[in-house]
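*Asks:* For this one, chain A is given, so just place chain B on it according to the hints.
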Amino acid sequence: MHELSVAAAVLDTVVRHAGGRRVTLVRLRVGELRQVVPDSLELYFGLVTRGTACEGARLEQELVAARLRCGACTHEWRPGGPAFRCPECGAGGATVLTGDELEVHSLVVGGPVAACPEPAEEAQWTRS
Amino acid sequence: MDEVVNVHRHVLEHNDATAKQNRADFDEAGVRVVNLMSAPGAGKTSLLERALPMLAGVRVGVLEGDVQSSLDADRMRALDVPVSLVNTDVTFAGECHLDAAMVRSGLVDLPLADLDLLVVENVGNLVCPAEFTIGEHRRAMVFSVTEGEEKPLKYPLMFRTCDLVVVNKMDLLPHLDFDLDLFLDNLDAVHPDVPHQLLSARTGEGVRCFAAWLSETAGA
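So the sequence lines, in the order shown, correspond to chains A and B.
For the first sequence, position 57 matches number 56 in numbering that gives the first Met the number 0, and the numbering has no gaps at all.
For the second sequence, position 191 matches number 190 in numbering that gives the first Met the number 0, and the numbering has no gaps at all.
Since the hints were derived computationally from the structure, they do not count as laboratory data.
Computed from a predicted structure; not experimentally measured.
A hint or two may mislead.
[What the hints assert, rightly or not] Which residues of chain A face chain B? A few of them, derived with a C-beta cut under 8 angstroms, are:
| # | residue |
| --- | --- |
| 1 | 1 |
| 2 | 17 |
| 3 | 30 |
| 4 | 31 |
| 5 | 32 |
| 6 | 86 |
| 7 | 98 |
| 8 | 102 |
| 9 | 104 |
| 10 | 105 |
| 11 | 110 |
[To be verified] Pairwise CB distance ranges (calculated):
| # | chain 1 | residue 1 | chain 2 | residue 2 | range |
| --- | --- | --- | --- | --- | --- |
| 12 | B | 197 | A | 55 | 51 to 57 angstroms |
| 13 | A | 46 | B | 53 | 44 to 50 angstroms |
| 14 | B | 52 | A | 50 | 46 to 52 angstroms |
| 15 | B | 107 | A | 77 | 44 to 50 angstroms |
| 16 | A | 87 | B | 20 | 39 to 45 angstroms |
| 17 | B | 203 | A | 54 | 40 to 46 angstroms |
| 18 | B | 39 | A | 95 | 27 to 33 angstroms |
| 19 | A | 112 | B | 78 | 30 to 36 angstroms |
Think of the CB as a built atom: it goes at the ideal place given N, C-alpha and C, for glycine as much as any other residue.
Excised from the complex, chain A in its bound form (with noise of 0.2 angstroms):
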């Protein structure tokens, strides 16, 4: 259900820059200390880009690997899985230089959007 809300507000993000032209592909910058899977997230911008001016956009995710710097002594890491203590010296409060992208890279428009295809019909739940 995370990338439910990372992909509305990839779709949100997307919109604003789009100036009302029809989106074919975007291409996104997620870091690995961001815990997106890529797949859930491309089935959610899926969902959420129906009826939109993104329906039927590619979405290209470029992952970006982490890198930590310690503030004690300057050592770079690249950690594997979530270790924030500096494996050199063991000191706490890393800054993270890459791994924390959530990023909209740039987007491929094309023509105008004449006119957004209606949604799908909602299913009609009844009680039986």
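*Replies:* Relative to chain A, chain B alone:
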């Protein structure tokens, strides 16, 4: 025909902008804000029921976030403090967290200028609430020992972004296989040197420490 639009924007920038507005309003009103997060059932509401009456001289209000129901808000109102309820299913599509705009919508029901401390009880969830800043000054999370030692490793973003970890339900420890030392080691790996408090909201043991942390946050 096709054109590339360079964006280079953080996905949550819109939320972060609203969070900044909230923060400016909090600071203007002179109220300090705690974002209280946890998994469902960890004991946020029970902890507040115990801790808030201990806050002598601190004018406190609560903003309750829940997907549905006023159950927790009613428990807070029973403490005779100002309470605002945001149900995320009504206008926010059943969201599993509070974001800055939802909090903003709930602020109109609170006398901010008359408060020293506002506690925002977030929707129970270990993932999404950690992503969305709401303009808070401090973040605390309630972890309960029934959840298992490995949770910091599974949900590092939550444990990494909070200023205090409350370990609740300590009274249950004799009945569980929970290894407290292993949990604290895992917590230290994810968030070195983060302060933690061991307590039981049920028996009240240790809750005074949490109340003191709230008082200190309020600047009292």
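*Asks:* Enumerate the violated hints, using their earlier numbering and listing them in ascending order.
*Replies:* 3, 4, 6, 7, 17 and 19
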